[in-house]
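Novice: Protein chains in written order, with the numbering used here: chain A, 1 to 224; chain B, 1 to 233; chain C, 1 to 234.
Don't read these hints as lab results, they were simulated from the structure.
Ideal Cβ placement from N, Cα and C applies to all residues, glycine included.
Hints should not be assumed to be uniformly reliable.
[To be verified] Label pairs and their computed distance ranges (CB to CB):
(1) A:V111 with C:D226: 47 to 57 Å
(2) A:D80 with B:D156: 28 to 38 Å
(3) A:G83 with B:D29: 27 to 37 Å
(4) A:V111 with B:H89: 31 to 41 Å
(5) A:T6 with B:L230: 50 to 60 Å
(6) C:V228 with A:T6: 48 to 58 Å
(7) B:D156 with A:T6: 13 to 23 Å
(8) C:L227 with A:R23: 57 to 67 Å
(9) C:V228 with B:L230: 47 to 57 Å
(10) B:W199 with C:V228: 31 to 41 Å
(11) A:T3 with B:D29: 28 to 38 Å
(12) B:H89 with C:L197: 54 to 64 Å
[Unchecked claim] Subject to a maximum C-alpha distance of 27 Å in a straight line, what follows is the list of computed DSSO-like cross-link-like pairs (lysine-lysine):
(13) A:K2 with B:K108
(14) B:K218 with B:K63
(15) B:K6 with B:K33
(16) A:K159 with B:K232
(17) C:K137 with B:K63
(18) B:K33 with B:K63
(19) C:K137 with A:K159
(20) B:K63 with B:K82
(21) C:K137 with B:K75
(22) B:K33 with B:K218
(23) B:K108 with B:K75
(24) B:K188 with B:K33
(25) B:K188 with A:K2
(26) A:K2 with B:K75
[As the list claims (entries may be wrong)] Not the full set, but computed from the structure, chain A residues with beta-carbon under 8 Å of chain C:
(27) A160
(28) I211
(29) T213
(30) A215
(31) L217
(32) F220
(33) A221
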Amino acid sequence: MKTYLTQVWDISYKDIRLEMRTRQMAVSVLVIVIALMIVTNLAIPKSVDATFTTTATVIWLCILIASFMVVMRNFVIEYDQIGFHGLIMCPVPRDAIYLGKVVSNLIFLLVIESILFPLSSILFDVPLLTPTVTAITGMATIGIVAAGTLFAAISVNTKAREIMLPVLFFPAVIPIVLAAVDATQNALNPSYGAKILEDIGVLAALSLAIIATSAILFNFAVDE
Amino acid sequence: MTNQFKYAAIECDNVSKHYISERALDHLDINIKTGERLLVIGPNGSGKSTLINVIGGLIRPTKGIIRIHGVDIHKSSPEHRKTIGILTHRPFLYEDFTGRENLTFFGKLFNVPNVSYRIEEIADLFTIGHLLDRRVSLLSHGNRKRLGMARTIIHDPNVILLDEPDSGLDAHSLDELGQTLGQTLQSKTIVLTSHNVDWALPLVTDVLQLSTRQEALKTSIREYHSLHELRKS
Amino acid sequence: MLLQNRIMLGLILIAMMSALYLIFIMVPTDVNLGVSQRIFYIHVPLAVLSLIPPIIVFITSTLYLVRRSPQWDALAHSSVEVGLLFTTLALVTGSIWARPTWGVWWTWDPVLTTFLILWLVYLGYLLIRSYTVEPDKRARFSAIVGILGSINALAVYLASELWRTIHPDKVIGPAAEENALDPAIQLGILVSFIAILLLFAYTIIFRTRLHSAVNQIGSLRDQIDDLVYRISNK
Numbered sequence: 001m002k003t004y005l006t007q008v009w010d011i012s013y014k015d016i017r018l019e020m021r022t023r024q025m026a027v028s029v030l031v032i033v034i035a036l037m038i039v040t041n042l043a044i045p046k047s048v049d050a051t052f053t054t055t056a057t058v059i060w061l062c063i064l065i066a067s068f069m070v071v072m073r074n075f076v077i078e079y080d081q082i083g084f085h086g087l088i089m090c091p092v093p094r095d096a097i098y099l100g101k102v103v104s105n106l107i108f109l110l111v112i113e114s115i116l117f118p119l120s121s122i123l124f125d126v127p128l129l130t131p132t133v134t135a136i137t138g139m140a141t142i143g144i145v146a147a148g149t150l151f152a153a154i155s156v157n158t159k160a161r162e163i164m165l166p167v168l169f170f171p172a173v174i175p176i177v178l179a180a181v182d183a184t185q186n187a188l189n190p191s192y193g194a195k196i197l198e199d200i201g202v203l204a205a206l207s208l209a210i211i212a213t214s215a216i217l218f219n220f221a222v223d224e
Numbered sequence: 001m002t003n004q005f006k007y008a009a010i011e012c013d014n015v016s017k018h019y020i021s022e023r024a025l026d027h028l029d030i031n032i033k034t035g036e037r038l039l040v041i042g043p044n045g046s047g048k049s050t051l052i053n054v055i056g057g058l059i060r061p062t063k064g065i066i067r068i069h070g071v072d073i074h075k076s077s078p079e080h081r082k083t084i085g086i087l088t089h090r091p092f093l094y095e096d097f098t099g100r101e102n103l104t105f106f107g108k109l110f111n112v113p114n115v116s117y118r119i120e121e122i123a124d125l126f127t128i129g130h131l132l133d134r135r136v137s138l139l140s141h142g143n144r145k146r147l148g149m150a151r152t153i154i155h156d157p158n159v160i161l162l163d164e165p166d167s168g169l170d171a172h173s174l175d176e177l178g179q180t181l182g183q184t185l186q187s188k189t190i191v192l193t194s195h196n197v198d199w200a201l202p203l204v205t206d207v208l209q210l211s212t213r214q215e216a217l218k219t220s221i222r223e224y225h226s227l228h229e230l231r232k233s
Numbered sequence: 001m002l003l004q005n006r007i008m009l010g011l012i013l014i015a016m017m018s019a020l021y022l023i024f025i026m027v028p029t030d031v032n033l034g035v036s037q038r039i040f041y042i043h044v045p046l047a048v049l050s051l052i053p054p055i056i057v058f059i060t061s062t063l064y065l066v067r068r069s070p071q072w073d074a075l076a077h078s079s080v081e082v083g084l085l086f087t088t089l090a091l092v093t094g095s096i097w098a099r100p101t102w103g104v105w106w107t108w109d110p111v112l113t114t115f116l117i118l119w120l121v122y123l124g125y126l127l128i129r130s131y132t133v134e135p136d137k138r139a140r141f142s143a144i145v146g147i148l149g150s151i152n153a154l155a156v157y158l159a160s161e162l163w164r165t166i167h168p169d170k171v172i173g174p175a176a177e178e179n180a181l182d183p184a185i186q187l188g189i190l191v192s193f194i195a196i197l198l199l200f201a202y203t204i205i206f207r208t209r210l211h212s213a214v215n216q217i218g219s220l221r222d223q224i225d226d227l228v229y230r231i232s233n234k
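Only chain A is shown next, with the shape it has when bound in the complex (with noise of 0.2 Å):
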């Protein structure tokens, strides 16, 4: 078991070494997700009854865009870098190079997150940092990384690897996303009270759900 999550860490230790190298994906990610920002933001009709709404709306439009490219980097970085074959000739199990990614992908995000929160937390003028909204966060990105990071590695095997991650990975999150949106704005709302932690629960266990298959599946994605 200690084995198994050193070679969990070191993957991902290995991940984050080489994004630090560069910091090529944190900052294209954050211009992109700040400038959507700006232009949903923008669009959206402004009235005082729907900012929770509109907030938990525009940032999880804005996380959902920043995971799609943080997966999607992760993998094509370690297939043209390497190709696939350099981790599968490790004797690594393969759940655990999933999971490396996994976690990896997450920290890369939690990053993300830990920028465009107070970021929007001040254009908004609506208190975000609270900790019902950061569980709700790490929650739903849990789940959201780990189908993401399965989609990917299928997608980079794929002739159109570009076109093919959104088609499957969007659709996909879509449960988790909605209930990350609705969860959100709850919590925005004091009158809602207690019942917020309902609410993390169940992004909890869809989050468990989605990576716990997802590992499982990962064997056969990677399997040649």
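Guided by the hints, dock chains B and C onto chain A, whose structure is given.
Specialist: Chains B and C only, in chain A's frame:
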């Protein structure tokens, strides 16, 4: 490790690999004993690279079974891969990492004890100590190949598979590689492909000739020489 | 096989004709919804049957990954094709009904959204097939997409059950009260459901046979290649 002596190091049992439009290997049956060093020769398209990849478990054969020390490579545990070191036409090195970072990463995944010491040791072997802290993307093709060799044997595998390890190397590096293969790795089971037969022949004990028609002929080095003489006269 | 096909098609034709007769002549016009309500006799069976393929796909895809036999892949593939057809028709017929009744072609109702997502998942499945060249890789990838897609469909369906919906209640099926409907209406629903179920089963069987035949031709061609190769070499 008891298996190591009971079974052939590498056993190809009726192995075929067909791609959509061509066949690379066709009903190949070979046994490679522990300590044997096999040179695979043949024209382009005869399936040399495919053979290396299939034995290394990177490509699943269309038909047939590969056994390493008696264990089916596609059904064995990941641990079993520690017995294999493979160098394909891609050196499996991260371009944005330095040589040392690459070796450290793979050393850790292969569970090499005392990785940093092992890296120094292996860098001496290939005299790449001065290159270790440069980014791989800045290295020449030949130096990448040497670094790739170092990566291949970092975990001290018993079975070493090399796909054209000599391509792109200058005369000096060729000598060095020849010495490493001939002396340091003398007790290992080695399969290598090469176009440079004159360089490779002195290093091996057996020769496998593949043809574009996927016919395979395995001979000992002595038989190969006498066949060669016969053909000349 | 030809005779079987003809019998099957004959049965479908008879069932379809009787369903049409019942729908347009026998069944009384709905008091509240008017003539437009008659499209329900087609729409409801289509929509209900659209939910069956995810179940088939989940089972057959899992079996494929475990057994690696192409017939499971063929069955999964054809259920998705038929599922896509039925989902499209359900969306179209629903939309035609919604226009006079709700005044809009489309509304973001959970049930409607579920079907739209299901439709996208089916398309994704067919796209991954067409973008992957090697046959066994194609089967593997689509099995993975199929399994996750059907779980996703289930999740969306369950979620839509929880959400409030303006979609009309399901007045048929075990949940509906027995005496809620006129006997003519009940007969109309039953017959059109049977007709469309037959069509559903027939198209899946037909497509599966077709895909299996394509697979067989592929492996026969391999064998011929093998023979030719052997003869020309020896």
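Novice: Work down the list of hints and note, for each, if the structure agrees.
Specialist: Hint check:
no. : hint                           : result
1   : A:V111 with C:D226: 47 to 57 Å : holds, 54 Å
2   : A:D80 with B:D156: 28 to 38 Å  : holds, 29 Å
3   : A:G83 with B:D29: 27 to 37 Å   : holds, 29 Å
4   : A:V111 with B:H89: 31 to 41 Å  : holds, 36 Å
5   : A:T6 with B:L230: 50 to 60 Å   : holds, 57 Å
6   : C:V228 with A:T6: 48 to 58 Å   : holds, 53 Å
7   : B:D156 with A:T6: 13 to 23 Å   : holds, 20 Å
8   : C:L227 with A:R23: 57 to 67 Å  : holds, 58 Å
9   : C:V228 with B:L230: 47 to 57 Å : violated, 32 Å
10  : B:W199 with C:V228: 31 to 41 Å : holds, 38 Å
11  : A:T3 with B:D29: 28 to 38 Å    : holds, 37 Å
12  : B:H89 with C:L197: 54 to 64 Å  : holds, 56 Å
13  : A:K2 with B:K108               : holds, 13 Å
14  : B:K218 with B:K63              : holds, 21 Å
15  : B:K6 with B:K33                : holds, 10 Å
16  : A:K159 with B:K232             : violated, 49 Å
17  : C:K137 with B:K63              : holds, 15 Å
18  : B:K33 with B:K63               : holds, 22 Å
19  : C:K137 with A:K159             : holds, 12 Å
20  : B:K63 with B:K82               : holds, 24 Å
21  : C:K137 with B:K75              : holds, 19 Å
22  : B:K33 with B:K218              : holds, 13 Å
23  : B:K108 with B:K75              : holds, 23 Å
24  : B:K188 with B:K33              : holds, 10 Å
25  : B:K188 with A:K2               : violated, 31 Å
26  : A:K2 with B:K75                : holds, 23 Å
27  : A160                           : holds, 5 Å
28  : I211                           : violated, 12 Å
29  : T213                           : holds, 6 Å
30  : A215                           : violated, 12 Å
31  : L217                           : holds, 5 Å
32  : F220                           : holds, 5 Å
33  : A221                           : holds, 6 Å
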